Amino acid sequence: LCFIFDCPCASIIMPQLATQKDIFAFFACEVDECLQLSTDAPMDLFSSCLLSTYDTAIWWHMQRHSTVYDTPRLPNDENKEFLANFLNSLLDSIAYETQKLSIYQAYTADPAIATLFRGFVLAQRVMLSFNIHSTAFPQLELMDYHSFWDVWDIAIDCCITLSKEDSISTLYNLCIETFDSFGTPGIFSIYGCFITQTPSFSETASKHLLKYLDSESGVEMIDSAAT
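For any residue, its number in my numbering is found by taking its place in the sequence shown, counting from 1, and adding 868.
None of these hints come from the bench; they were simulated from the model. All values reported here derive from a predicted model rather than from experimental measurement. Just so it is clear, CB atoms sit at the ideal spot from N, CA and C, and this is done for glycine as well. Incorrect hints may have been included.
[Said to hold, decoys possible] Derived DSSO-like pairs (lysine-lysine); straight-line CA-CA distance at most 27 Å:
{"#": "1", "residue 1": "K968", "residue 2": "K889"}
{"#": "2", "residue 1": "K1075", "residue 2": "K1032"}
{"#": "3", "residue 1": "K948", "residue 2": "K889"}
[As the list claims (entries may be wrong)] Quick list of the computed label-pair ranges, beta carbon to beta carbon:
{"#": "4", "residue 1": "T1072", "residue 2": "E898", "range": "41 to 49 Å"}
{"#": "5", "residue 1": "S920", "residue 2": "Q1007", "range": "19 to 27 Å"}
{"#": "6", "residue 1": "V1087", "residue 2": "S906", "range": "42 to 50 Å"}
{"#": "7", "residue 1": "I981", "residue 2": "P883", "range": "15 to 23 Å"}
{"#": "8", "residue 1": "S1070", "residue 2": "V899", "range": "43 to 51 Å"}
{"#": "9", "residue 1": "C902", "residue 2": "Y1013", "range": "19 to 27 Å"}
Make a model of the complete structure from these sequences and hints.
Shown next as structure tokens:
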């Protein structure tokens, strides 16, 4: 069973749920917190993060960034599918790098729960901007300050100002540079599950990934790459 509690004092019911088996639950706020009262945010913001992740992520980005245009510019329609897939891989990367492997596997074993899990990664970040602390059961480590969030802002800016081909190329080069410089486990989801699935870069990215795994530093990352 999976529950979404989008109400004041949401996690007050967690102790009761913790006694049950095969339960997943997402709570909008802590036991002593109320929902956001901002006039420019919907009351169902937490649920929107879980159920409409891409649209909510775009809305949240636009709320946080001022613009010189009379009408805020949104990502091009041709970039929407590409950007939505990139967001999913980014959220998965953040989740993989911040959680214990057993917890990550528990949340991603079922496709429906995995989708809500990615939405919850966004929810933690968005709700914290209103000083609200979203939680889940089984309990998850915090994911709201991960460095990959900056990549999402860059991706949106690329998709607003560039064509689909140029956006993909720019993000690909950014991922390559990050991968070569840091080689963190979380980058595999973006690199392996997204870039290698992009036809224009599939062969090049796959060869680069395999070459890295054959290197001295890459051997230690084989398990993460396989996961």
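Hint by hint, here is what the structure shows:
Distance hint between K968 and K889 is fulfilled; the C-alpha atoms sit about 20 Å from each other, no more than 27 Å. Between the alpha carbons of K1075 and K1032 the distance comes to roughly 23 Å, so the proposed pair stays at or under 27 Å and holds. Between K948 and K889 the alpha-carbon distance is near 38 Å, which puts this suggested pair outside the 27 Å criterion. With their beta carbons about 46 Å apart, T1072 and E898 fall inside the hinted range of 41 to 49 Å.
In this structure the hint that S920 and Q1007 lie 19 to 27 Å apart at CB holds, the actual value being about 25 Å. Distance hint check for V1087 and S906: the Cβ-Cβ separation is about 49 Å, which falls inside the suggested range of 42 to 50 Å. At about 21 Å, the beta-carbon gap between I981 and P883 stays in the expected band of 15 to 23 Å. Separated by about 48 Å at the C-beta atoms, S1070 and V899 satisfy the suggested range of 43 to 51 Å.
At about 23 Å, the beta-carbon gap between C902 and Y1013 stays in the expected band of 19 to 27 Å.
In summary, the structure is inconsistent with hint 3 from the numbered list given earlier, while agreeing with all the others.
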